[in-house]
Amino acid sequence: MSSSTDTQGTGAYAPALESPRSPYRRGKPTRSNWELHGWLFMRMSGVLLLVMVFGHLWVNMVAGEGINQVDWSFVAGKWSSPFWQTWDLIMLWLAQLHGTNGVRTIINDYAERDATRFWLKMALYTATLVVLVLGTLVIFTFDPCMDPASTLEVCRTGSAG
Amino acid sequence: MAGEKEPGTRSATGEEGGEGIATSGAAPSSDYDHAGKGGASPRQEKGTDGAGGIPSFDVTMRLRRYNPELDTEPHWENYTVTMYGTDRVLDALSKIKAEIDGTLTFRRSCAHGICGSDAMRVNGRNRLACKTLLKDLDISKPVVVEPIKGLPVEKDLVVDMEPFFAAYREVMPFLITRGAEPTRERVQSQPDRERFDDTTKCILCAACTSSCPVFWTDGQYFGPAAIVNAHRFIFDSRDQGSDLRLEILNDREGVWRCRTIFNCSEACPRGIQITKAIAEVKQALIARKL
Ligand code: HEM
Ligand code: SF4
Ligand code: FES
Chain A
1 MSSSTDTQGT GAYAPALESP RSPYRRGKPT RSNWELHGWL FMRMSGVLLL VMVFGHLWVN
61 MVAGEGINQV DWSFVAGKWS SPFWQTWDLI MLWLAQLHGT NGVRTIINDY AERDATRFWL
121 KMALYTATLV VLVLGTLVIF TFDPCMDPAS TLEVCRTGSA G
Chain B
1 MAGEKEPGTR SATGEEGGEG IATSGAAPSS DYDHAGKGGA SPRQEKGTDG AGGIPSFDVT
61 MRLRRYNPEL DTEPHWENYT VTMYGTDRVL DALSKIKAEI DGTLTFRRSC AHGICGSDAM
121 RVNGRNRLAC KTLLKDLDIS KPVVVEPIKG LPVEKDLVVD MEPFFAAYRE VMPFLITRGA
181 EPTRERVQSQ PDRERFDDTT KCILCAACTS SCPVFWTDGQ YFGPAAIVNA HRFIFDSRDQ
241 GSDLRLEILN DREGVWRCRT IFNCSEACPR GIQITKAIAE VKQALIARKL
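Going line by line, the protein sequences match chains A and B.
Residues in the first sequence are numbered from 1 upward in steps of one, following full-length UniProt numbering.
Residues in the second sequence are numbered from 1 upward in steps of one, following full-length UniProt numbering.
Quick caveat, the hints were computed from the structure, so don't treat them as lab data.
Here are the simulated DSS-like pairs of lysine-lysine, each with C-alpha atoms no more than 30 Å apart in a straight line:
1) Lys276/B to Lys149/B
2) Lys28/A to Lys289/B
3) Lys28/A to Lys276/B
4) Lys121/A to Lys149/B
Let the hints inform the model, and build the full structure from the sequences given.
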């Protein structure tokens, strides 16, 4: 059994504890409803996503001819309707913001150093921005007749030139 | 194994209390085994105690030890002691301290689940050592005892509770009233008292806060105990500081950090429904802000 104290009083050991009370400070209070809104958004977008994601899956994979119907013309057909354009746009933004806020929470949970936390979040926000901009652009500028050999009905009349 | 004991009559478990059975938990480099020198124990034959026929058994306590003056890293040590069916984890620790190694350090005061001094991690769960009977644990394996997680270890099983109490102080755990000093009792109806009854039971043991994975990685999170004690006043009809307290818990490190993991509710030795209390504070905040 080892004795833990300097019984000889020679002062031969240096106490490993630097100070009797390691200073612990609470961070500055934040005065905003940001986290409250984030929390609410996660739940409300979650409920909406439940409807939209499964509606999307149903229409694409089950209804009609099922999974075999999905090709260029199927997508072109859907996106020629403002209804599906709006549906996909909302789904894109909700899923993207929901996912980003979720991953932000996970980064807050797991990153131990402030620098790591900062850079992970920067990477996350960059990725979010790229996907949001690209996705929105595609939904609105999608040209079903990009392929000159297209046999789609919408393309036959206008594509003569 | 100590000479005074009789290996022949020992129960099958805990034989020699050696490396062979010391396999649970993440064991870093150094492991030491100790066995009771038996100076004062055992008083009687194994199996039963002459006094009242309480069954006795050998149990190996696997303790996470750290001496800041000697060690750079915490390490595990095993101690085998003879305990009785009425003994608790705390009794095993006291016996080890009294008979094997007096340097073993842990907090306890009341020894009856009231003061909240001896929360520790027993077999991976936060419990009060004084409320955990050894016979309710699997004593065929070493009983693993560690300090509670997420707070700096000072020595052996003693942690620095300051971060925990700092968060507690932040929510202003005292009655706030406006206006004149009371000239008579502040009357409260029984249903009004019932509203926050659950959260009055807290003994500030920190079992909940130190079981929360969010607190483990984010020491700034107020933690369940601070929210429980804020809840106790927020829902008290006599208190007039709930706006202040709610504003404090609306913080980035406040209730929104809670992920409804339920570890706190499982850990609480007072059986407080902590996750529910946190949800009620969230609800009150949303009702007030929107
Ligand atoms: C199907 C419908 C969905 C529902 C009902 C839903 C619901 C939720 C809720 C309520 C949370 C908050 C959990 C908490 O605060 O502890 C959450 C978190 C999260 N969600 Fe969703 N969500 C859905 C779809 C999605 C989608 C499509 C994504 C990916 C883009 C996603 C990614 C995440 C992530 C990364 C988190 C954070 C995980 C965590 O907090 O532990 N979710 N979800
Ligand atoms: S709420 Fe329960 S677990 Fe948390 S400090 Fe109070 S008594 Fe301990
Ligand atoms: S010693 Fe007081 S609660 Fe366990």
